[in-house]
Structure formats: structure tokens, C-alpha cells
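> Make a model of the complete structure from these sequences and hints.
Protein chains in written order, with this note's numbering: chain F, 1 to 334; chain B, 1 to 334.
Honestly, the hints are just simulated from the structure, not real lab data.
Each pair may be met inside one copy or between any two copies, as identical chains are not told apart.
Pairs of lysine to aspartate or glutamate residues, derived as DMTMM-like cross-links and limited to a Cα-Cα distance of at most 25 Å, are as follows:
id, residue 1, residue 2
1, K313, D133
2, K290, D256
3, K154, E219
4, K74, E106
5, K74, D102
6, K74, D133
7, K169, D102
8, K69, D85
9, K169, D282
10, K74, D282
11, K313, E293
12, K154, E299
13, K313, E289
14, K169, E252
15, K57, E329
16, K154, E293
17, K290, E255
18, K290, E252
19, K57, D25
20, K154, E209
21, K169, E293
22, K154, E289
Model, not experiment: these values are computed from the prediction.
Chain residues, written in single-letter form:
There are 2 protein chains.
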Amino acid sequence: MTTVNLSLEDAHALSVTCLRTNGCDDPNARAVADRMIEAERDRCPSHGLFRLPWYAKGVASGRANGHAKPTVEKLAPAVIRVNGDNGFAPLGQQIAHQPLVDCTRETGIAALAFTNMFHIAAMWPEVEALANDGLCAFAFTASYPYVAPAGGTKPLYGTNPLGFAWPRKDGPPLVFDQASSAMARGEIQIAARDGHSVPETAGIGPNGEATTDPNVVLEGAQLGFGGYKGASLALMVELLAGPLIGDMLSFESLEDDGGTGGPPKGGELIIALDPARFGNPDGFLAHGEKLFEAILAQEGTRLPGARRFTSRKQTPSSGIDIPESLHQEIQALM
Amino acid sequence: MTTVNLSLEDAHALSVTCLRTNGCDDPNARAVADRMIEAERDRCPSHGLFRLPWYAKGVASGRANGHAKPTVEKLAPAVIRVNGDNGFAPLGQQIAHQPLVDCTRETGIAALAFTNMFHIAAMWPEVEALANDGLCAFAFTASYPYVAPAGGTKPLYGTNPLGFAWPRKDGPPLVFDQASSAMARGEIQIAARDGHSVPETAGIGPNGEATTDPNVVLEGAQLGFGGYKGASLALMVELLAGPLIGDMLSFESLEDDGGTGGPPKGGELIIALDPARFGNPDGFLAHGEKLFEAILAQEGTRLPGARRFTSRKQTPSSGIDIPESLHQEIQALM
Numbered sequence: 001m002t003t004v005n006l007s008l009e010d011a012h013a014l015s016v017t018c019l020r021t022n023g024c025d026d027p028n029a030r031a032v033a034d035r036m037i038e039a040e041r042d043r044c045p046s047h048g049l050f051r052l053p054w055y056a057k058g059v060a061s062g063r064a065n066g067h068a069k070p071t072v073e074k075l076a077p078a079v080i081r082v083n084g085d086n087g088f089a090p091l092g093q094q095i096a097h098q099p100l101v102d103c104t105r106e107t108g109i110a111a112l113a114f115t116n117m118f119h120i121a122a123m124w125p126e127v128e129a130l131a132n133d134g135l136c137a138f139a140f141t142a143s144y145p146y147v148a149p150a151g152g153t154k155p156l157y158g159t160n161p162l163g164f165a166w167p168r169k170d171g172p173p174l175v176f177d178q179a180s181s182a183m184a185r186g187e188i189q190i191a192a193r194d195g196h197s198v199p200e201t202a203g204i205g206p207n208g209e210a211t212t213d214p215n216v217v218l219e220g221a222q223l224g225f226g227g228y229k230g231a232s233l234a235l236m237v238e239l240l241a242g243p244l245i246g247d248m249l250s251f252e253s254l255e256d257d258g259g260t261g262g263p264p265k266g267g268e269l270i271i272a273l274d275p276a277r278f279g280n281p282d283g284f285l286a287h288g289e290k291l292f293e294a295i296l297a298q299e300g301t302r303l304p305g306a307r308r309f310t311s312r313k314q315t316p317s318s319g320i321d322i323p324e325s326l327h328q329e330i331q332a333l334m
Numbered sequence: 001m002t003t004v005n006l007s008l009e010d011a012h013a014l015s016v017t018c019l020r021t022n023g024c025d026d027p028n029a030r031a032v033a034d035r036m037i038e039a040e041r042d043r044c045p046s047h048g049l050f051r052l053p054w055y056a057k058g059v060a061s062g063r064a065n066g067h068a069k070p071t072v073e074k075l076a077p078a079v080i081r082v083n084g085d086n087g088f089a090p091l092g093q094q095i096a097h098q099p100l101v102d103c104t105r106e107t108g109i110a111a112l113a114f115t116n117m118f119h120i121a122a123m124w125p126e127v128e129a130l131a132n133d134g135l136c137a138f139a140f141t142a143s144y145p146y147v148a149p150a151g152g153t154k155p156l157y158g159t160n161p162l163g164f165a166w167p168r169k170d171g172p173p174l175v176f177d178q179a180s181s182a183m184a185r186g187e188i189q190i191a192a193r194d195g196h197s198v199p200e201t202a203g204i205g206p207n208g209e210a211t212t213d214p215n216v217v218l219e220g221a222q223l224g225f226g227g228y229k230g231a232s233l234a235l236m237v238e239l240l241a242g243p244l245i246g247d248m249l250s251f252e253s254l255e256d257d258g259g260t261g262g263p264p265k266g267g268e269l270i271i272a273l274d275p276a277r278f279g280n281p282d283g284f285l286a287h288g289e290k291l292f293e294a295i296l297a298q299e300g301t302r303l304p305g306a307r308r309f310t311s312r313k314q315t316p317s318s319g320i321d322i323p324e325s326l327h328q329e330i331q332a333l334m
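Structure (C-alpha cells):
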């Protein structure tokens with residue numbers, strides 16, 4: 001595959017220009033670009049510039065509001081809601097960070113419900129930022145119907161990731177952000193683009209048949225990780241990101257899109273806990289490290305997120321390599 | 001296998017007598033018996049009378065306090081802690097239910113940290129009870145080191161279940177309670193007892209080798225469901241049930257046991273959310289039903305927990321069948 005090497009700064013500038021050309025104002029363009037380049041910086045291309053055409057088309061078509069002004073309100077002593085004003089998630093997430101931190105420190109645990117937003121960004125930067133402020137955090141979001149329910153064969157749930165972060169004593173937090181499906185949607189799309197096969201656990205064809213062809217999975221349904229247990233998690237995330245907070249289920253989001261192929265609109269729930277308000281305010285950090293040491297004492301292990309933090313040290317100097325075809329697609333959008 | 005049929009009432013009375021004979025006072029014996037018979041009633045034998053000898057020995061040895069008087073305190077506006085007074089979990093859980101419901105309704109989301117308790121009970125009755133009061137709830141608990149970390153071969157995490165419940169409009173809540181491991185510990189023990197094999201995904205032998213022999217898995221390590229993603233969940237649960245709330249990690253719990261083979265002591269975290277304090281107080285129940293209808297519209301599906309609710313209608317008249325060997329073991333403990 002022919003690639004183009006870009007510095008992180010150039011990739012960011014390219015993103016901002018492309019988004020502004022397609023109808024985002026500066027704050028929205030920068031927030032989305034920040035999130036994509038955080039993914040590229042950590043070498044997670046499936047949430048990087050790969051998503052830029054989708055963002056650009058979503059705003060150019062008028063489906064997403066490129067001038068969104070998200071608003072924050074308190075629904076209960078420990079519940080905050082952000083109305084995303086029909087824009088992309090990252091700007092609302094930036095605005096909501098400090099109110100959530102403040103609320104969590106006050107009550108010990110708090111929830112943040114994002115509604116009326118388009119969610120195609122990685123979630124780990126959000127929970128990582130909360131853990132950088134000393135909190136433990138979960139994030140849940142739905143998407144479009146991609147994953148079959150346990151026992152079924154038709155897509156119903158989104159890939160419905162769970163993000164989690166825990167603060168560490170020295171250095172970056174422990175963070176993971178994993179789909180309830182065996183594979184992330186973007187990973188399957190990239191396998192299809194690059195002509196690779198996928199494991200048989202990743203999904204099934206349109207008639208429920210076994211397959212390792214990513215194109216057939218994209219026409220059929222993805223499967224939950226570990227079978228029915230992953231599907232249970234996907235179901236849980238639908239409830240948390242939809243009915244709980246008054247936003248859409250994955251299949252409602254697709255109906256709402258009306259076949260335009262735009263990014264999924266929907267809700268997101270974040271739960272943050274302040275360990276300093278639980279039972280071991282002075283010892284929780286050291287206690288967590290005891291677990292991490294025990295994990296790393298076993299040969300062959302690494303902590304979730306560790307690879308991202310390694311990449312993060314390298315890409316500021318190495319830059320990132322994106323497929324030339326993607327680079328051309330982005331150029332054509334400007 | 002020769003079995004003995006018991007009515008639910010007789011099974012409950014047998015449990016109370018056995019626990020009292022071994023050192024529980026009446027409130028503790030009844031709370032533990034209630035929880036075990038709820039499992040038997042729902043035909044989940046791995047959390048039923050199968051656990052009674054472990055409870056009985058745990059209290060007879062003096063490791064667990066059969067006269068525990070759990071206490072409830074508020075650590076923050078949305079954080080409650082229950083000190084289990086070194087007893088079994090069910091009594092503390094009964095006592096904490098209403099304070100948690102009240103707190104959650106006030107703040108919108110609340111956490112309940114159980115510490116200083118022995119946890120070998122099913123968690124779904126707790127989250128189900130919260131959903132019966134209209135709340136959405138999570139439960140997390142660790143146990144003993146049974147599960148290898150991702151990439152490793154030695155047991156480190158507990159099977160670390162996640163319980164979840166969502167209230168339903170008519171009828172019992174949607175509930176699941178699933179181990180982070182591919183199989184529950186009790187299921188593997190029962191497979192070993194009954195001479196059945198287990199799937200290769202269930203675990204590995206002492207040297208990391210593949211196996212389908214449950215006895216070899218019990219000597220080696222269990223694996224997370226879906227591989228590394230289940231292991232990530234197990235890691236998360238360790239942090240929530242241990243360092244977050246100031247209780248023990250699974251491997252610390254085993255050290256604390258000191259080789260007596262008693263039940264695992266440790267912590268449990270419950271998070272409850274009141275959907276009436278989020279964005280759709282009048283519509284969240286109907287909206288959840290819309291998802292459940294879409295699931296059930298697919299052939300071959302059922303909702304998590306549905307089998308339990310079916311069993312629950314049958315066992316009050318059919319009674320339950322327990323292995324004669326278990327019945328004899330219980331008789332010998334009285």
C-alpha cells in the first residue's frame with residue numbers, strides 16, 4: 001500500500017481545513033481534528049483520518065451541525081446533560097469535562113449524558129482525561145445496527161464500546177476502550193479495504209452463515225465478543241446510551257439517517273467516580289499499582305493502552321503514514 | 001446421577017438449619033439461605049445449595065462471622081459504604097437496599113461499596129431488586145485468583161462478574177449476571193464433579209497448555225471471555241471491588257485466607273441510576289421495550305434472564321433436584 005507521511009501538525013491542519021471547507025466553524029473543526037489526531041498520534045488509524053471523509057460528508061450534507069453550540073445543564077445533583085446541538089461529539093465533550101470533574105468531586109460519583117450528537121470518535125481520550133484528573137471513569141455509546149443479538153442473525157446493536165480509565169500514580173492512566181463486538185467496525189472496514197480476512201468469530205453472512213470475508217460480514221452481521229456475553233454488553237450499552245438518557249437506539253439512529261450514509265447520531269453516557277470519596281482516599285493509587293505489578297510480573301502481558309502510550313512517544317517525531325488513497329480522498333473533499 | 005427432590009421451603013429450612021448448626025445466627029442464616037434458594041428457584045445450581053458446604057465451613061472455621069451486624073454509612077452525597085462486619089454478603093445487601101434506593105432517587109446516580117464481607121452469592125438478585133424499584137443497576141465483585149491476565153498463564157483475577165439490571169414496564173426486569181471469565185468457577189467445578197469436558201476457550205493448564213479437562217483448568221488458569229477483552233473486564237472489576245473502595249484484590253483475598261480454603265473475602269461495588277432523573281422520565285420504560293421487541297422479533301433470540309424467570313414459575317411446584325452426594329454432604333455438616 002502506498003502511503004503518505006504527515007507530521008501530526010500537518011495532519012491536524014489538513015483536518016481543520018477539510019472540516020472548515022465542508023461547513024464546520026473553527027471550534028467544531030478544531031475539536032474534531034483534535035480527537036482524530038489523538039487517535040493518529042496513538043496509532044489507532046480506525047479512529048483517525050480514516051473518519052475524516054465521513055465527518056466532512058456528514059456536515060456538508062447538512063445532517064450534522066458544523067456550527068453547534070453545545071449546552072450543559074444539571075438534571076439532578078449528580079447528573080449532567082449536554083445537548084450537543086446536533087453537532088459532532090468532541091466539542092461537547094471538551095465543554096463538559098470540567099463540570100463533570102467538579103460534580104464528581106462533590107458527590108463522589110456522577111453521570112454525564114450526551115444527547116443530540118454525532119458519535120464516531122474514539123472514547124478513550126475522554127475517560128483518559130478524567131483519569132488524568134484523578135477520577136475513575138466509564139463511557140458507553142451506541143452507533144448503527146451492526147451486531148446481531150445473541151441467537152439472532154440480523155444486525156441490531158451498535159458495536160457499542162465500553163471505555164474505562166483508572167488513574168495511575170506516576171505516568172498516564174490505565175485506559176481501555178473496547179467494542180462489545182468481536183471487532184470494531186472500523187477494523188472490519190479496513191480489512192475489507194486492504195483485502196485481509198477476519199476471524200470467524202467476527203461475524204456472519206446475511207443468512208447467518210460462517211465467513212472470514214470482511215465484505216460478507218459487512219453485508220451480514222457482526223457478533224459480540226465471546227458470543228452471547230459480548231451481546232449482553234451491547235444490549236446494556238443500547239439501554240444506557242438510548243432509553244436511559246432519552247436518545248436513540250442504534251436502529252433508530254439508522255432510521256433517522258434516512259439512508260444518507262451520514263455518521264450515527266445518538267447518545268453517550270459517562271460515569272465518573274472519585275476514589276478520594278470512597279474508602280481509601282490515600283491508598284487507592286498505590287493499591288492499583290500493586291495489581292499492575294502483579295500483571296506485569298507474568299511473561300507475555302502488557303497493560304491495556306500500553307501500546308498507545310508507546311506510539312504516543314514516537315509519532316511526534318516519526319509522523320504518521322496514511323494510505324495515499326485516503327490522502328487523495330481528503331484532498332478531493334477540499 | 002442420583003438426585004434428591006426438595007421443595008423450595010424444605011431446601012430453605014435445610015439451609016437455615018445447616019448454617020445455624022455451623023455458627024450463624026438467625027438473621028445471617030436466613031439471609032444466606034434466601035440468596036441460595038433464590039438461585040435454586042431460578043435453576044442456577046452453581047449458586048445454590050452447592051455453595052452451602054462452603055458457607056458452613058467458612059463460618060465453622062471462625063473465618064466468617066456468623067453473627068455479623070453490618071453497618072451503613074454515607075461517605076459522600078452519592079456514596080454509601082456498608083461494613084459487612086466480616087460476615088457473609090447477603091445480610092449486608094438486604095440492609096443496604098433501601099438506603100441505596102433513597103440515595104439514588106435523590107442524586108440520580110449513586111454508588112454502594114460493600115467492604116469486609118465474604119462474597120460467594122449470585123449478584124443478580126441484588127440488581128434485580130433495584131430494578132424492581134425502578135432503577136438501572138450494575139454490580140461488580142472479585143473473588144480468588146482464577147483467571148489469567150491477557151497474554152499471561154497464571155491465575156490473577158477472580159472470575160469477576162458484572163451484574164446488570166434494567167426495569168421493565170410489565171413483568172420482571174431485564175437482568176444479567178455474567179462472569180468476566182469464559183465460564184463461571186462453579187460451572188467448571190460442576191463439570192469436574194460430573195465428569196464433563198469444557199470448551200477449550202474456558203481455560204489453560206498449569207503450563208499454559210490448551211485443554212478441555214475441567215480438572216486441568218482448575219489446576220491451571222481460566223481465561224476471560226472473548227480473550228483479552230474479557231480479561232480487560234476482569235481487570236476493571238479488580239480495581240472497582242478492590243482499590244476503589246478500599247478492599248482486597250483477588251490475590252490478596254487468597255493470601256488473607258491463608259490456605260484454609262474458606263470463601264473469598266472482598267469488596268463489591270454497586271452503581272445505581274434513576275432513569276427518572278435523566279432525560280426521559282416518562283418514556284424510558286416504553287423505549288426499553290422497543291429494543292426488547294426488536295430483539296425478540298429475530299428468530300432464535302431470548303432476553304438475558306428469561307430462562308431464570310421461566311424456571312421461577314416452575315420450581316415452586318416442581319421443587320428442585322440436588323445431587324444425592326451433595327444432600328449427604330449437607331446432612332453430614334449438621
